[in-house]
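2 protein chains.
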Amino acid sequence: MGPVTSLSADPFAARMQTREVKWWGWGWDDRSRPIEGFPVLWTYLQQRLKIDPHIRRSVPPIGAVQIPPSLLSPDEISELEKLVGEGNLSLEPRDRVSHAVGRSYKDLVRLRTGTLLRAPDAILFPEDEGAIRAVLEFARRRRYAIVPFGGGTGVVGGVEPLADGTYAASLTLDLRRMHRVKAIDEQSGLVVAEPGIRGPILEEALAAKSLTLGHFPQSWEFSTLGGWVATRAAGGLSNRYGRIDDLLVGLRLVAPARFLDVRALPGQDHGPDLKELVLGSEGILGVITEVTVRAHPLPAARRFASRLFRSFEEGLAALRSMARKDALPDMTYLSDEEETRFMAAGRGIGPGGAGGAAGLALKLLGLRGYRIEQGSLLLMGFEGARDRVAHQRRRALRLARPAASLGAGSAKRWYAERFEIPYVRDSFLDHGILVDTVETAASWSNALNVYHAGAKALQLALWEEGGAGLVLCHVSHVYPDGASLYFTVYGVAREGQEVAQWETIKDAVTRAILDAGGALSHHHGIGADHAPYLGRVVGEDGLLVLRALKRELDPEGIMNPGKLVRAR
Amino acid sequence: MGPVTSLSADPFAARMQTREVKWWGWGWDDRSRPIEGFPVLWTYLQQRLKIDPHIRRSVPPIGAVQIPPSLLSPDEISELEKLVGEGNLSLEPRDRVSHAVGRSYKDLVRLRTGTLLRAPDAILFPEDEGAIRAVLEFARRRRYAIVPFGGGTGVVGGVEPLADGTYAASLTLDLRRMHRVKAIDEQSGLVVAEPGIRGPILEEALAAKSLTLGHFPQSWEFSTLGGWVATRAAGGLSNRYGRIDDLLVGLRLVAPARFLDVRALPGQDHGPDLKELVLGSEGILGVITEVTVRAHPLPAARRFASRLFRSFEEGLAALRSMARKDALPDMTYLSDEEETRFMAAGRGIGPGGAGGAAGLALKLLGLRGYRIEQGSLLLMGFEGARDRVAHQRRRALRLARPAASLGAGSAKRWYAERFEIPYVRDSFLDHGILVDTVETAASWSNALNVYHAGAKALQLALWEEGGAGLVLCHVSHVYPDGASLYFTVYGVAREGQEVAQWETIKDAVTRAILDAGGALSHHHGIGADHAPYLGRVVGEDGLLVLRALKRELDPEGIMNPGKLVRAR
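Protein chains in written order, with my numbering: chain B, 1 to 568; chain Z, 1 to 568.
Since the hints were made in silico from the structure, they are not lab data.
It is possible that part of the hints are untrue.
Repeated chains share a single entry, so a pair holds when one copy, or any two copies, can fit it.
What the hints assert, rightly or not - In silico DMTMM-like pairs for lysine to aspartate or glutamate, Cα to Cα no more than 20 Å straight-line:
hint: 1; residue 1: LYS182; residue 2: GLU314
hint: 2; residue 1: LYS325; residue 2: ASP387
hint: 3; residue 1: LYS182; residue 2: GLU127
hint: 4; residue 1: LYS325; residue 2: GLU186
hint: 5; residue 1: LYS209; residue 2: ASP326
hint: 6; residue 1: LYS325; residue 2: GLU203
From just these sequences and the hints, can you work out the full model?
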């Protein structure tokens, strides 16, 4: 290991960890992106969804959110506080509310309508592995459910306290105070960090050594290293750096009955790889207390390109050809026709938009037979050493030839503003719009089939459940053998029945995607929402094997009940 | 899935599967490579090891090998034959001998000296998954141990029947008759095949579709797809195509109590990945009955380059720099100073050798201060699309600049003859030479430390156990964060005590490597030989977790006892 860098006293880290986030929506408390800032898109949506623009669903004050009283007695609270240290336990309503759910549409609706049925009985903020061990030991004796909590940005019900009456209470372990970088091995490009570190803090520490993790999920500012591992996350540059699965080389897991310390080795043949048991385990086995990941040299150059295909099918074929021929851009974002229209209406993504030169380019394209309203937009990014970027870009663009060039602007803008997009969602909810996402993956030979099956099921279910709807799709993670498919769904929310309405739609599309041979999830995970379908993809025996594993690590079944698989 | 290609009636496949292999040594029965064909190397070895060239250890006739009688009764045999089908069960001494051990030095010594303590009580050749299910069911009831058998080329005691007296018998399941390619999905580059298919047969089927698996371990002609997965194999082009771990996307596993069918999806987030439980499971959980792997386009171009560094340390630094800077050749083979001298004495590898132009080049190098006797040889290979090869080669060679060029010949020759090398080993054994390999992996920051620790321990142990010795090392698998280290050891065998002599040496080097922080194995696996050390790398709790997994899939503990981890 190289020199040890500790960030515990770092002002940036401290600022990041304490800056207030919304309890009712996405991101920083002082930041919002109203849809009214995108007037063309807003008009377009009103027309497509037949929305009454005067509808307003306001966010209630936090005091109006009803949560059940904590089940913990004063004695239990003081015992717990002794284990985690003074000031590291909270019973504050604001903390209990903001740890009660994640950040899916269902979650936001429930927060905004104040209909939380459950909340953690206490939130603990352990500062080290020792405190976690002590809490788990105590929880086993008292039969407390334990919910590990990273950034809380998940969208499949992974952090919701679902302990039933057989548990004495449900404690949420928020790992935000374990956010130190413990060591950076510059020679090997390895970084050892605590699980609660968020994307920007980790990147800052790495950048000081001219390194980057290269892992940028859309939740990057708020989600954590431990959370990425527990949920098997994928970032926007996964084409180049891989998923967190590919970046992870070592970890420590404190489970109620076992302790795993998987050493970081570049390659090993030590039987079944124990870190793979922890990847995607979603807190049901134990608490990840340390992670070692591969970091890469900071890219010297970054370039972008945007292309317009005549159809999504043509765009998919080009992506496939790039992936098969070693010519894949480091970032690819291919929108289907519906999403391309949506983005055109939003003028790219940001308010800067595709005006000026880009607008002129679009006009000229029209003369050549390409129409953005009927096309499929591909945004590409390339990064690394200068000559590699030039070479890779040349090879990719050659395979994108059937498409028309839109220059670099759209891709560059999308890249710059990609963390802003989730803010707009809250504005949609303000207007009574249903908006959520559904994601899957399929092999190239099955991708169009899964795409059509998913889109059709969504359109039909939207129609049956709410009337007009809009189904967009894009591909943002590409593999040699296939790709992810990411649907965004807009509809009119049925006031008072938002959750039931969405659950009906979600069930229909999930079944359709599985019937077509798509993945149950590509990177959102299983959580509580997808758990009922897990047997369909891993088989009944697969569930039994996962359960046996859980029993070995967590014999009392206290870890994150209700998620992934049942304890028995 | 694309069009289905079945090879069951293919004459090449049939020829491959029936061509006779040596029962006592490496490879085809009709092929050998005596050391006398490399006169300079042979003289060099005689000097270094102080060998009497007149010593001969001949191979006895197979009839002289003593094996215990089969424990199966005629009734049991006929019941088993019913399950696998007529002609698919063998009690022949030749079959029992050749399924009794793998292909490590210890194995070959025991075969040649006729000192096999155990042999399978019967060898079954199932033709389909149904037969395997039936056999396992029967074996559970009768308490037969089951040893799955692929190519039998492993070197860590993975196929040896180690069932103790608590088992009624030990059956070896040789999967060679399950060698069909079941489907090739050309669009996605996916191939579904049975586990017993060998490298060349699989590559032939893929080549017909302009595809390659890109997996070429040195045992490639004889080892099998299922064996690669079960042992977590790595091939000589792993820099480009990855290990089998990276190529595997789906599989079926028939275990005594469970059945796993992991679907082939390009990316998925379905909780802990069940195929990772099977990867490296070495037959202790069940029998792999089908494998889906990623195949890649056949390379249009292939180029080679060889460079001579002034030291192994300088060569390692260059490899690290290539790996960190995205400039890694698709094949790299870096020899330390001792191995470089050995290769120079062997004039490259083949009998063609480094004569002629290469000899002249070496002479000229000498004038520039590079001496092959003190240098470190790096062989490189590049393959893929023409412009990619050119680009990647240029970038790699730039980072190899401290080295002197030796042209392309040495690398090209090594690549062409890489499957021939193991044949020479039998000739060493004929001359009473101890020869085996030890492999590990380490991060870049720890690679030299592990190298020195391993080399020193080997030299010391060789000296104590036999006098003169020769320890060579090379790096053939490179990762962003580190590399493999592969030692080859030559010494003078102590006649009659060869196994004990080697076990003492192996124990010393294994402890030294683990103390230094290296991997217990990089790609040979655990088997019986490394099992006593597994707790040191996965921890006592890691062993308990693996045991729990085994209990779930194989409650009676009949699968490959004595390997990887104990059943309880």
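Status of each hint after checking the structure:
Taking CA atoms no more than 20 Å apart as the test, LYS182 paired with GLU314 passes in neither setting, with 47 Å inside one copy and 30 Å between copies. Proximity of LYS325 and ASP387 under a CA criterion of 20 Å is satisfied in both settings, with 19 Å inside one chain copy and 11 Å between copies. Taking identical chains as interchangeable, the C-alpha atoms of LYS182 and GLU127 lie at most 20 Å apart only when both belong to the same chain, with a minimum of 13 Å there against 53 Å between chains. For the homomeric pair LYS325 and GLU186, the shortest alpha-carbon distance between copies (13 Å) is at most 20 Å, but the shortest distance inside one copy (32 Å) is not.
Taking CA atoms no more than 20 Å apart as the test, LYS209 paired with ASP326 passes between copies only; the shortest distance there is 18 Å, against 29 Å inside one copy. Taking CA atoms no more than 20 Å apart as the test, LYS325 paired with GLU203 passes between copies only; the shortest distance there is 19 Å, against 31 Å inside one copy.
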